[in-house]
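Undergrad: Sequence:
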Amino acid sequence: MTPRTDTQSPAPHVADSHDLIRVQGARENNLKDVSIEIPKRRLTVFTGVSGSGKSSLVFGTIAAESQRMINETYSTFVQGFMPTLARPEVDLLEGLTTAIIVDQERMGANSRSTVGTATDANAMLRIVFSRLGEPSAGPSFHYSFNTPAGACPRCEGMGSVTDVDLTQLYDDSKSLAEGALTIPGYSMDGWYGRIFSGCGFFDPDKPIRKFTKAELHDLLHKEPTKIKVDGINLTYEGLIPKIQKSMLSKDRDALQPHIRAFVDRAVTFTACPECDGSRLNEAARSSRIKGVNIADACAMQISDLAEWVHGLDEVSVAPLLATLRQTLDSFVEIGLGYLSLDRPSGTLSGGEAQRTKMIRHLGSSLTDVTYVFDEPTTGLHPHDIQRMNDLLLRLRDKGNTVLVVEHKPEAIAIADHVVDLGPGAGTAGGTVCYEGSLEGLRGSGTLTGRHLDDRAAIKETVRTPKGTLEVRGATAHNLRDVDVDIPLGVLCVVTGVAGSGKSSLVHGSIPAGAGVVSIGQGAIRGSRRSNPATYTGLLDPIRKAFAKANGVKPALFSANSEGACPNCNGAGVIYTDLAMMAGVATVCEECDGKRFQASVLDHHLGGRDISEVLAMSVTEAEEFFGAGEARTPAAHAILNRLADVGLGYLSLGQPLTTLSGGERQRLKLATHMAEKGGVYVLDEPTTGLHLADVEQLLGLLDRLVDSGKSVIVIEHHQAVMAHADWIIDLGPGAGHDGGRIVFEGTPADLVAARSTLTGEHLAAYVGT
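In the UniProt record's numbering, the protein residues as written are 1 to 768.
I should point out that these hints are in silico values taken from the structure, not numbers from a laboratory. Mixed in with the good hints there might be a few duds.
To be verified - Lysine-lysine pairs mimicking DSS-like chemistry, simulated, CA-CA at most 27 Å apart:
#: 1; residue 1: K676; residue 2: K544
#: 2; residue 1: K228; residue 2: K245
#: 3; residue 1: K226; residue 2: K245
#: 4; residue 1: K174; residue 2: K206
#: 5; residue 1: K459; residue 2: K709
#: 6; residue 1: K174; residue 2: K228
#: 7; residue 1: K222; residue 2: K206
Between the sequences and the hints, there should be enough to build the whole structure, so can you do that?
TA: Rendered as structure tokens:
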């Protein structure tokens with residue numbers, strides 16, 4: 001009997017109908033009741049000016065809710081150990097899948113974290129050495145500098161030892177009682193005075209230069225010893241171990257500025273003489289495979305290490321070698337082949353950190369996951385953007401939903417679906433201006449659509465330098481003994497593929513100090529209480545103006561001081577710890593999230609109270625403090641600078657923790673613009689800028705140069721290159737294939753010569 005064939009196609013399965021992520025009524029931050037449908041298993045790019053609400057929609061709503069729902073699948077006990085995630089302001093979210101966020105947060109600057117430890121490459125390499133190394137040092141943890149079994153005993157696996165300059169600790173012509181110690185915080189009035197006077201190990205009234213050897217040893221090196229002073233049990237410890245524990249063991253950037261300055265003066269870090277900076281003990285160093293030890297392997301450029309690992313062939317570890325090869329090949333493929341595994345992860349740029357995190361996901365066999373990227377082209381030369389695009393498409397083709405926040409036309413070009421937010425920034429944004437295909441965006445008439453095919457023209461005339469900054473024999477990182485004259489008094493752009501040596505040249509070779517203001521994208525140190533008004537010093541003139549108008553003291557107008565709401569201590573929210581369940585943050589009922597006590601809000605300036613002023617955007621505040629009874633020239637000048645750098649949409653009281661990398665850099669730039677520095681060094685200032693905002697940035701750079709400053713910019717954005725007076729191009733490749741100057745001259749000459757990758761891309765961009 002012949003089997004029955006069903007000519008009719010089977011009825012669609014209900015499970016196949018869930019092919020959209022639906023968002024209804026999103027109101028997070030500045031979003032105005034946004035409702036959209038995003039196709040699953042496609043690549044959707046979100047565009048719009050900086051501050052239009054892209055991040056609020058993608059990160060603050062979709063990804064945040066996905067993560068919160070996953071956390072809720074754990075038991076309440078486990079949730080107690082997780083960060084608390086509040087439910088985003090949204091009416092309905094449907095069709096969510098697990099979200100993996102690959103952002104540009106810098107990786108931890110812990111000195112024990114390297115590219116290798118952050119990507120599991122080190123873990124695999126250690127197992128390979130424990131199996132194949134001759135003589136074996138033991139199990140894999142004997143090859144780790146982060147465990148006592150593998151660390152060099154002299155430097156405890158840090159790779160460097162500290163040398164303390166004693167002249168920076170004390171003035172030896174004085175006695176302790178006369179205040180010989182010059183270490184910050186070590187005054188003789190408090191506990192330290194009591195301990196040093198009562199310990200009995202030396203005479204506090206004798207000048208230090210007259211101390212015996214034993215007394216000096218006790219002052220500097222004595223191990224912790226119990227002592228009794230005035231009937232109180234205390235511990236005495238020598239100055240050097242005490243400084244090591246209280247200052248040197250902390251991340252340098254986390255120290256207060258005056259302590260950081262002291263550490264920089266008093267302490268020199270030198271490679272550990274015992275392990276030669278490799279961090280490993282003798283057993284781990286002497287174990288080799290084909291003459292290479294694990295420290296040599298980690299110091300190799302990853303592209304070379306990948307080749308070396310491909311040459312290893314051992315059946316017992318074949319699956320592990322295959323995975324290790326795949327990981328190392330991914331580094332090369334993603335354009336990070338110039339790094340080495342021993343590179344400290346804290347030294348990676350935002351773009352490099354994001355691409356390093358991507359490596360973990362490229363080899364993953366997960367599908368139907370939502371990957372969320374924040375400007376993956378940051379830090380990429382036009383030549384490298386194509387590779388990044390291929391990787392994003394590969395993730396999509398595995399059956400994943402890829403959501404990308406992006407500004408660069410080359411990256412928007414690969415979108416299956418585009419969502420354009422705007423029309424403006426801050427309160428003028430937060431609505432969907434367009435959703436659909438890329439072609440539709442071009443004809444849509446939105447700000448993004450109009451600017452999508454913008455091309456900056458090369459300047460007709462360039463400025464003449466007023467002098468030069470000579471760099472001679474620069475060898476930082478991969479620089480090959482570089483000699484270059486950086487012109488002053490003009491806009492000079494330093495470019496080249498990722499890893500070609502741009503940052504090494506600019507940050508490593510331009511002498512800091514001497515009027516050089518260097519502005520990067522690193523995190524701004526600040527708590528939830530810090531905001532643009534506190535960071536820029538804007539709050540001081542505002543508080544004084546309020547105080548003067550109302551005849552009260554300025555401290556009342558600070559939510560971190562006397563004016564704070566007593567119920568929430570000026571935080572605006574109350575954190576409730578629910579013991580083993582997840583804690584919750586609720587808006588303070590007393591001040592309604594305004595952070596001030598009620599009586600403070602009775603004082604007005606120009607008809608507004610302090611909380612209303614902090615809720616203003618920079619643009620509104622600029623108008624408010626510019627004229628009328630609220631006129632405050634000092635505040636107006638700072639607000640002018642904030643508007644100048646394109647931050648007009650930021651509200652004065654927005655927590656700094658919510659700013660993007662590009663916004664942080666522009667905030668720093670606005671703060672530094674009032675300084676007397678003559679040379680400004682900027683690191684990719686176009687990060688996070690919409691095509692329409694790049695013009696404003698170019699105008700700002702021009703104004704800086706015209707006011708007599710020298711501006712040096714590390715940049716990949718072709719509009720900035722075209723606008724430069726002078727270009728220094730590094731290359732020809734990355735890592736040890738880079739580090740040389742391949743071109744220096746005007747943009748017009750670079751385009752005419754087309755002798756470098758940058759020249760070819762710039763020529764194509766300006767359409768010559």
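Undergrad: For every hint, state whether the structure bears it out.
TA: Here's how the hints hold up against the structure:
In summary, the hint linking K676 to K544 is supported, as the alpha carbons are separated by about 25 Å, within the 27 Å threshold. At roughly 22 Å between alpha-carbon atoms, K228 and K245 fall within 27 Å of each other, so this suggested pair holds. Between K226 and K245 the CA atoms are separated by roughly 18 Å; this keeps the pair inside 27 Å, and the hint holds. For the proposed pair K174 and K206, the alpha carbon gap of about 8 Å is at most 27 Å, so the pair holds.
Between K459 and K709, the direct Cα distance comes to roughly 19 Å. Compliance with the 27 Å bound is thereby established for this hinted pair. Distance hint between K174 and K228 is fulfilled; the C-alpha atoms sit about 26 Å from each other, no more than 27 Å. Proposed proximity of K222 and K206 is supported: the alpha carbons are some 19 Å apart, at most 27 Å.
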